[in-house]
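Asks: With chain D fixed as given, assemble chain L onto it according to the hints.
Chain residues, written in single-letter form:
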Amino acid sequence: MKEQPSAASPSARNLEFKAALLLALLLLLVAGTVVYLLYARGAFEESQRLVLIAEDSEGVTVGMDLTFSGFPIGRVRRIELAEDGVTRIIIDVPRKDARWLRVSSVFTLTRGLLGNTALRAFSGILSDPPLPDGAERKVLLGDATAEIPRLVADMRELVSNLRALTAQDSSLAASLGNVRDVTEKLKGPRGALGILLGNEADAKKLITALDRTNALLVRADGLVAKVDAQVLGADGLVPEARAAIVQLNAALADARASLKKVDAILADAQVAASNAREATADLAALRAEVDTSLRKVGRMIDEVNRRWPFARDPKLKLP
Amino acid sequence: MGKCSKLPVQYSRLQLAGSDCALSIQGSKSRTSRRPYHLGMASLFSSQGPLPDAGRATLTWFAGWWRIIHFGALILVLALSPSSYAASNRAALARHIYQDTAPMLLWFIALSSLISLVIIRIVVVTAVSYGLSQYALEMVVRVLVLELIPLTAAVFAALRCALPNAAEIWEMRTRGEFDALAQQGIDPLQREVLPRVVSAMFSTLMLAAVSCVLTAVLAYVSVYGFTTGAFAGYTRTFGHVFNPAVSIIFALKSFLFGLTVALIPIASVLYDRSRARLRTSVELQSLVRIFVVILLIEVASLIGNYY
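Protein chains in written order, with the numbering used here: chain D, 1 to 319; chain L, 1 to 307.
The following block holds chain D by itself, in its conformation from the complex (with noise of 0.2 Å):
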């Protein structure tokens, strides 16, 4: 048997404060567990109620979060059916986070491929009012599986074209066979003028011209070789056109020189012109007296006629 302290003894009383620190120091740790749960539920803080209505609550759980721009803001504190079969998702909104709600507020539910969750508020216009304590919004389905029975559709048609297109007696197998009987022919004896002539009657045809055309490009050659004599040879026509430019050239040499006597009289012609013109300067003085001599030559003739006995009457006379 151990042995034990008596009451009144102060390894005693040590141990019975130490024993009472432990105690203590439990109740402190279960108090302040609590407390903090109660503070992490939020059983400090006022909060507001907003009923979403959903027509299908699957995958809402209690205590999902409402968030607002990824925050969280709110939890689902119960989930209800009503009478009139749709769901009532009922949420906490603590106060301070109401703020963040209005009354033009959307509010979605969306699921995820992996089957999560997420209840989401969009506040497009922060200046509308405050949504009131108890308001009711519907709530809006997005649902990404909902594109997967669309998607196993389109996925279906696009097999079964697929199979349509692979299938034996498709146009893709014919063009495949085809292609397959192309392909032996070009490695046939005829190549790709087997496939582009269709028969071999054509193929050695278009051989048998070409072979032609190859001796009659010989021929031009020779042809060519003696154009080529002809007009760059000695006597050619090259160096001919050439001597012809060499005379036409001093030829050009004598008219220059042409041209400038001509100039010369040109000169000379002007100079005579201007002489011309100074001398018709006076013609008009002379002009005006002659002008003056045959008014008076005609006067005087007048004069005559008036005055000559076989002058004739002019006037009619009348009966």
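It cannot be assumed that every hint is accurate.
[Said to hold, decoys possible] Label pairs and their in silico Cβ distance ranges:
{"no.": "1", "chain 1": "D", "residue 1": "134", "chain 2": "L", "residue 2": "61", "range": "57 to 63 Å"}
{"no.": "2", "chain 1": "D", "residue 1": "46", "chain 2": "L", "residue 2": "134", "range": "27 to 33 Å"}
{"no.": "3", "chain 1": "D", "residue 1": "45", "chain 2": "L", "residue 2": "134", "range": "42 to 48 Å"}
[To be verified] Computed list of chain L residues with no C-beta within reach of chain D, every gap over 10 Å:
{"no.": "4", "residue": "184"}
{"no.": "5", "residue": "240"}
{"no.": "6", "residue": "288"}
Simulated from the structure, these hints should not be mistaken for lab results.
Every residue gets a Cβ at the ideal spot worked out from N, C-alpha and C, and that includes glycine.
Replies: Frame of chain D, contents of chain L only:
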């Protein structure tokens, strides 16, 4: 209160009733005849009973569990009795509470912190590799704080505190110290048994509480680092995990773990039949019983939490 103060007088002495070691309740000290706690049950245990072996074994099994429950009720009544906390008993209680918990507290904290860190790291890294990092913290809290730490604390307290205490009780009883105490007018249940039961329960709860809080802090630091910026989000996750049902189940589970660890070993020692007739030791048997009960409590809590 008046009734409670009479209880120690009623449950004044432990007696060995033949090979059954049943608890005898005597109204007065003048009645010294040894009689079993339940006469009918005692006749069933005798080898000359009318029932075949299988039936007798089943009845023995039921009787064993019934005695543990009865012992639990007895200790509960004693624990609620103010006379159990008289100065002389209080010193023994304080001694046991301190000596059974303080020496292993630091070791357990170090051990559980190390294991917690490893598990937190594994969970977080795995969750990140699958792109599910937002669920990592919740998983850590659920796996460690809710399930593993209380379980580990219970097993640790059972091995380091409750079983040695039970062995001490066994030795004291076999040495006849209980009778000596009873002859001195001291109730051995109050003086020797109750402090050990209370200290084992306290030890279980203390280890669980300290390491749960420490693990929660470690999880925060492991996931977010040394910053206070994520405290609001962490608190929200904690609140999300500890909904009212889970919190009540957690508290009940911890309490029942403590009760199991504190009661079963000592009850097995006090009420068990002679060791000579058993192939396994009483300690091993009580350990098996503890594991079975802890397992049942754990399964029940899991069903309560997740179904």
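Asks: Hey, does residue 184 of chain L actually stay past 10 Å from chain D on C-beta?
Replies: 13 Å, holds
Asks: Between residue 45 of chain D and residue 134 of chain L, does the beta-carbon spacing fit 42 to 48 Å?
Replies: About 24 Å separates the Cβ atoms of residue 45 of chain D and residue 134 of chain L, which means 42 to 48 Å is violated.
Asks: Could you let me know if the closest chain D CB is still more than 10 Å away from the CB of residue 288 of chain L?
Replies: Given that every Cβ of chain D is farther than 10 Å from that of residue 288 of chain L, nearest at about 28 Å, it holds.
Asks: So does residue 134 of chain D sit 57 to 63 Å from residue 61 of chain L, Cβ to Cβ?
Replies: 59 Å, holds
Asks: Are residue 46 of chain D and residue 134 of chain L spaced within 27 to 33 Å by their CB atoms?
Replies: 28 Å, holds
Asks: So is residue 240 of chain L really clear of chain D, every C-beta pair being over 10 Å apart?
Replies: Since the minimum Cβ distance to chain D is about 5 Å, residue 240 of chain L lies within 10 Å and the statement is violated.
The structure is inconsistent with the numbered hints 3, 5, although it conforms to all the rest.
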